[in-house]
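Go ahead and model the full structure; you've got the sequences and the hints to work with.
Protein chains in written order, with this note's numbering: chain A, 216 to 407; chain B, 35 to 177; chain C, 34 to 152.
In case anyone wonders, no lab produced these hints; they're calculated from the structure.
Any given hint could turn out to be false.
[Said to hold, decoys possible] Within a straight-line C-alpha distance of at most 30 Å, the following computed DSSO-like cross-link-like pairs (lysine-lysine) qualify:
hint : chain 1 : residue 1 : chain 2 : residue 2
1    : B       : Lys-93    : C       : Lys-132
2    : B       : Lys-93    : B       : Lys-47
3    : C       : Lys-65    : A       : Lys-295
4    : C       : Lys-132   : C       : Lys-65
[Said to hold, decoys possible] Derived Cβ-Cβ restraints for the label pairs, each shown as a range:
hint : chain 1 : residue 1 : chain 2 : residue 2 : range
5    : C       : Trp-43    : A       : His-336   : 23 to 31 Å
6    : C       : Gly-88    : A       : Pro-333   : 17 to 25 Å
7    : A       : Ala-243   : C       : Thr-120   : 22 to 30 Å
8    : A       : Thr-313   : B       : Arg-99    : 45 to 53 Å
9    : A       : Ser-288   : B       : Leu-112   : 32 to 40 Å
10   : C       : Leu-146   : A       : Gly-370   : 36 to 44 Å
11   : C       : Gly-95    : A       : Pro-330   : 18 to 26 Å
12   : C       : Leu-127   : B       : Val-102   : 20 to 28 Å
13   : B       : Val-48    : A       : Thr-313   : 45 to 53 Å
Given the structure is predicted, the values throughout are model-derived calculations rather than measurements.
Glycine included, C-beta positions come from ideal geometry on N, C-alpha and C.
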Amino acid sequence: MIDILHIILFVFLVAIGIAIIRLRDLFAAVMLAGIFSLLSATLFTVMDAVDVAFTEAAVGAGISTLLMLATLSVTSSEEKPTANRRQALIGLIVVTFTGAALIYGTLDMPSYGDPDAPIHHHMAPRFIEDSPEEIGIPNQVTSVLASYRGYDTWGETTVILAAAIGVMLLFATPVVSRRREEELLAPGEGSG
Amino acid sequence: MVTRHVILRSLSKVLIPLIMLFALYVQFHGDYGPGGGFQAGVIFGAGIILYSLIFGLPKARMVFRLRVLQIIMASGVLLYGSVGIATILKGGNFLDYNVLAHDPVHGQHLGILLVELGVGLTVCSVMATLFFLFTERRRREDV
Amino acid sequence: MFDPGLLNYWIIMILMMTGLYTVIAKGNLIKKIIGLGIFQVSVIMFFVSMGKVRGGTAPIAGEGFEVFSNPVPHVLMLTAIVVAVATLAFALALVVRIKEEYDTIEEDEIRELEAGEEG
Chain A
216 MIDILHIILF VFLVAIGIAI IRLRDLFAAV MLAGIFSLLS ATLFTVMDAV DVAFTEAAVG
276 AGISTLLMLA TLSVTSSEEK PTANRRQALI GLIVVTFTGA ALIYGTLDMP SYGDPDAPIH
336 HHMAPRFIED SPEEIGIPNQ VTSVLASYRG YDTWGETTVI LAAAIGVMLL FATPVVSRRR
396 EEELLAPGEG SG
Chain B
35 MVTRHVILRS LSKVLIPLIM LFALYVQFHG DYGPGGGFQA GVIFGAGIIL YSLIFGLPKA
95 RMVFRLRVLQ IIMASGVLLY GSVGIATILK GGNFLDYNVL AHDPVHGQHL GILLVELGVG
155 LTVCSVMATL FFLFTERRRR EDV
Chain C
34 MFDPGLLNYW IIMILMMTGL YTVIAKGNLI KKIIGLGIFQ VSVIMFFVSM GKVRGGTAPI
94 AGEGFEVFSN PVPHVLMLTA IVVAVATLAF ALALVVRIKE EYDTIEEDEI RELEAGEEG
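Following this line, the structure appears as structure tokens:
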């Protein structure tokens, strides 16, 4: 069973998701995406994932929103109204079938919060029972993250470094674009 | 520019040190409560970003030079990797912190501390650098 | 047939599909990236909700707590969130470069410009 807090948060999340689809003002959509992250952080706290909630609140609602706003200030803040009904129809069909398949897939799953679910019987008991003695720190998420799966976390740190290097390389080019350069060289002829 | 946003500027002067102090708390208290290198790095980076939003990009770039940030972000990954190399040299497996100290539990403590510090350094400097790069792009376009 | 314990997963699937629809049907590149973000958060939510144990508490050992939620999905999803922000930054940088080159971030307009260049 899921309690009333879950239902309230989920209703808000679905409403925000639909509002993001409908909105054409990109500033509003970005702000709603930030609220979406913050609400899902609340939901993660309810689901006992405090570390995930902390990260989601800091990263999703903070840094992601900031980066998107910085991008909007360079690009345009209004989505062009599209009359492309075909694309919307294709999207709707794909989404309906994928969603139905995914929901069909959940029918075999153990219900929410079931202690007898297979996921809780293979690796987790070892971490939960032994990590306070083996590693000596109470936060099991930190001990799994930094010690048992340390190699994984190193790779992840490298991914962040790689992203920074990638953005630096993309922005290493001069700002004046190819098209504008052509316009400057040949004024009055217009662009292609 | 100097007279604008008086309340924001004076308030953020109080808030930014607190934000950075909280980041350090999250960094080194991650063993006992929620938190760790990633969260701490993001919060510290948010402090830097707040500074540059309030006091302007040129001033922030004077305090946090891009070159220094680049060195810090690389040295974070390097610190993580060198902890792994150190454990190999001490006779253990890669990133097996048990051999770092005489007592395995102490070794784990030391290893996790260093590794999380490496993660925190990288994440913090990457977040600040990304923000600087994006905002810089706009400033140059205006010229 | 109807198990109220599965309702959680179904709502997450609906959220996931909201994100997927935004990615497919919207032509604006920033809107697509926001949709991708919604999809990502829904997948993370799905994993985290699988790790929940009824009556359990957050996986931090302490006096008087016996039942903990599963820490493994939490660790995996922590990783996913941070990688998500890395890919988001790169995607946004690509959008900025596209805007500079084509002067638009609408997919169909970019296609038209590309077709005009070839023809």
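Structure-based check of each hint:
no., hint, verdict
1, B:Lys-93 <-> C:Lys-132, "holds, 28 Å"
2, B:Lys-93 <-> B:Lys-47, "holds, 14 Å"
3, C:Lys-65 <-> A:Lys-295, "holds, 13 Å"
4, C:Lys-132 <-> C:Lys-65, "holds, 15 Å"
5, C:Trp-43 <-> A:His-336: 23 to 31 Å, "holds, 25 Å"
6, C:Gly-88 <-> A:Pro-333: 17 to 25 Å, "holds, 18 Å"
7, A:Ala-243 <-> C:Thr-120: 22 to 30 Å, "holds, 24 Å"
8, A:Thr-313 <-> B:Arg-99: 45 to 53 Å, "holds, 48 Å"
9, A:Ser-288 <-> B:Leu-112: 32 to 40 Å, "holds, 34 Å"
10, C:Leu-146 <-> A:Gly-370: 36 to 44 Å, "holds, 38 Å"
11, C:Gly-95 <-> A:Pro-330: 18 to 26 Å, "holds, 19 Å"
12, C:Leu-127 <-> B:Val-102: 20 to 28 Å, "holds, 27 Å"
13, B:Val-48 <-> A:Thr-313: 45 to 53 Å, "holds, 50 Å"
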